[in-house]
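**Q** This is what each chain is made of:
Number of protein chains: 2
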Amino acid sequence: MENQWETLQAWKDHMAKELDTVISFWTDYSHDQEYGGSFSCLSRNGKLYDELKYLLPLGKQVGMYCRLYRTVERFRRAELLGAAKPGGEFLIRFARVEPPAKKCAFSVTKDGTPVKVQRTLFSESYYTLAMNERWRVTEETRYQNEAVEMLDRIVYWVRVDSSELSWTRFSRTHKAEDLAVPTMLLHLVDQLQEEDEEMSKKYAELEDWGVQRILKHLQEWKAVLDNISEDGQGLPGAFGREQNPGQAIEAGRYLLQDAQREGDTQLRDQVIDKFLLLPFHSGWDAEHGGFYSFRDVDNWVPHRVEWSARLWWPHCEVMVAFLMGYSETGDPALLKIFIQVSEYSFRQFRDLVYREWYGYLIEDGRVGLSIKGGLYKGCYYNPQCMAMCEQILGALLQRTEDSK
Amino acid sequence: MENQWETLQAWKDHMAKELDTVISFWTDYSHDQEYGGSFSCLSRNGKLYDELKYLLPLGKQVGMYCRLYRTVERFRRAELLGAAKPGGEFLIRFARVEPPAKKCAFSVTKDGTPVKVQRTLFSESYYTLAMNERWRVTEETRYQNEAVEMLDRIVYWVRVDSSELSWTRFSRTHKAEDLAVPTMLLHLVDQLQEEDEEMSKKYAELEDWGVQRILKHLQEWKAVLDNISEDGQGLPGAFGREQNPGQAIEAGRYLLQDAQREGDTQLRDQVIDKFLLLPFHSGWDAEHGGFYSFRDVDNWVPHRVEWSARLWWPHCEVMVAFLMGYSETGDPALLKIFIQVSEYSFRQFRDLVYREWYGYLIEDGRVGLSIKGGLYKGCYYNPQCMAMCEQILGALLQRTEDSK
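The listed protein sequences correspond, in order, to chains A and B. Straight run, no breaks: the first sequence in the numbering used here ends on number 404. Straight run, no breaks: the second sequence in the numbering used here ends on number 404.
No lab work stands behind these hints, which were simulated from the structure alone. Using N, Cα and C, we set each Cβ at its ideal position, and we do this for glycine too. Mixed in with the good hints, there may be bad ones.
To be verified - List of simulated lysine to any residue pairs, SDA-like, C-alpha gap at most 20 Å: (1) A/Lys116 with B/Ser229; (2) A/Lys175 with B/Gly112; (3) B/Lys201 with B/Gln219; (4) A/Lys116 with B/Leu165.
Claimed, not checked - Selected chain B positions facing chain A (Cβ under 8 Å, derived; list incomplete): (5) Cys41; (6) Tyr156; (7) Trp157; (8) Glu230; (9) Gly232; (10) Gly234; (11) Pro236; (12) Val297; (13) Gly365; (14) Ile371; (15) Leu375.
Next comes chain A alone, as it looks inside the complex:
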């Protein structure tokens, strides 16, 4: 017992220190003082290698700064709010390609001219996240209006008509659902519902829908598949056999939060079994350590060139999910996996010289890409992981104290 207390305390300290270190990298190097917002394309030592602004990491960073500012005492600093405010303003002014239409760019120039547009809904999703967080910090209504309007539009694209995303130009083609889509929606619902009764009511049905859609990706109780048909069936070919263990566990984490809120222990146990442990065992490389990016459910070699790469974000999601699972159940097997993955991640992804985490390792753990940020990676998955782990570990330690 004493020994376990020390373990939890040690990891809480690691998480807190690492969170401070990572955030200091972004406050030192990423802010755009001229036009507002921030740059994500930072080299290993924080040099700017691309002045374009990528909307996914920009929305994530605004959201992360606001959340830290309002929920972690030591981050209630003018520096963070001072960057998040013009960041939110930049998004409102320049994220949408042809306002008032809601479709957002994937990238814009530093002063806001659109450069690229993707046929996805992720720029819009992190826009929503940033707007809702921005509203929570200063309660300016227009930010919350932006968040709600954008989420409603995203829901319309996913559930009613996706033609604005060019998903349905060719009506005869198969439609597939990527697990990332219902996971993203459940994430946004969680975000907007947080301590907000009105939003909890408004999005209750969407929450149920998201949970049910994610559960459909568990096929024949034996694997969480990344792509299924719109009516919940398996898809043909290698695409249909694809497993993305990190994505499955991220989805599992949102299901777990849902089960926790609803007090549904049956769902909780099912999620831990099928959305945490199952993808963990199919995704973890026992020989080299670390998570594969893709696995084929029938054990063919995945057709993607990056299949064996170790990406930072699945490791972050796995840490949070297993610690959350342990916190909910007290099962020491889940704590053991949390520690195993945390040890690997802190050892392999962290840059002890220039701070922040590498995003991409090759199979044997060597650094494959030394940049600290890019088109997708920004100030998000690892600080979010550390902040959540610090908070959960703190609560666990408090619980241990209280029960003494």
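Knowing the structure of chain A, use the given hints to seat chain B on it.
**A** Coordinates of chain B only, in the frame set by chain A:
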């Protein structure tokens, strides 16, 4: 001199044997006897891991079979024609998503229902190649009509209006030209013009256009950049600094063929200097051997996860281009590079147990992906390389004989 003759003879034999071996892999495992055409998703030992038909490798294989059948005596076999005929028929019937519109699918089910569509013109380009080759074998006019109509549509998309590809939905976004696009067009022009006076006239202006567009990718005489603006200027950010050495050398090969046809030795020398040697030196990894997939012109770390991967196709294009350059100039430095790259490729990419080539190695030369075919790789780049090298080496040896 004697020593060089032996070198050329040895490599001609290697190329011929390897061509036979590779083609035997595809004739053994890839044909679909039921619906016609062929499958590209073959595992290391030739097992089918995905029954979808991918239109790029399918068009390439039909074209390759026809070309070998009509130009290489030992491949004038019923087996090849017997597969190419229903393959061509399958393409005519099922490649287009909504006929009579020309847009083709990226993948279809084995019996021809469209599954995915890409916003590119490469399915259509290899459709054109397959149709023209199919026509050359049996002179059935409808195949040539298909080829010409499709090429004219592709040219319309590239030069007049790309909205059918969804390239211009967002009118305010920057437009970029990928070097692969004019290279593909010049390739198709070469294909249709081959020993065809009518087509040579019809596409003479397009040929000039393609050459000029490719030359614009050489920026400030110091690097061939993969992406430039529509008006030939550099683009901002990491995307604008991207070099794809294999793509540059492939473009160089088509320029070289053009210079050869026109007897333009000034263009020839410029191309060898700037489109062969320059990308060779920026792309070759002197430490481990092999070509990087991407380099940044200002030596930043490229932002793509696969930047350091060794792909089979650039190595194939480099072999052809440098042997062609040597054949045109007699410069022994070009022959030396041909041999250097051929030795690396035959050593690292070839599977001596199950035949065919791996498509993807990691930096140190180990196999990263053991499949022999997939969504893009099929029966194309390596057999094309071997057939062309065998032919050029044969001509060089003949020239040596004649001059004795």
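**Q** Look at each hint and say if it fits the structure.
**A** Hints, one by one, checked against the model:
{"no.": "1", "hint": "A/Lys116 with B/Ser229", "in the structure": "13 Å, holds"}
{"no.": "2", "hint": "A/Lys175 with B/Gly112", "in the structure": "16 Å, holds"}
{"no.": "3", "hint": "B/Lys201 with B/Gln219", "in the structure": "30 Å, violated"}
{"no.": "4", "hint": "A/Lys116 with B/Leu165", "in the structure": "15 Å, holds"}
{"no.": "5", "hint": "Cys41", "in the structure": "6 Å, holds"}
{"no.": "6", "hint": "Tyr156", "in the structure": "18 Å, violated"}
{"no.": "7", "hint": "Trp157", "in the structure": "15 Å, violated"}
{"no.": "8", "hint": "Glu230", "in the structure": "14 Å, violated"}
{"no.": "9", "hint": "Gly232", "in the structure": "18 Å, violated"}
{"no.": "10", "hint": "Gly234", "in the structure": "13 Å, violated"}
{"no.": "11", "hint": "Pro236", "in the structure": "6 Å, holds"}
{"no.": "12", "hint": "Val297", "in the structure": "12 Å, violated"}
{"no.": "13", "hint": "Gly365", "in the structure": "13 Å, violated"}
{"no.": "14", "hint": "Ile371", "in the structure": "5 Å, holds"}
{"no.": "15", "hint": "Leu375", "in the structure": "6 Å, holds"}
Going through the hint list in order, the structure does not satisfy hints 3, 6, 7, 8, 9, 10, 12, 13.
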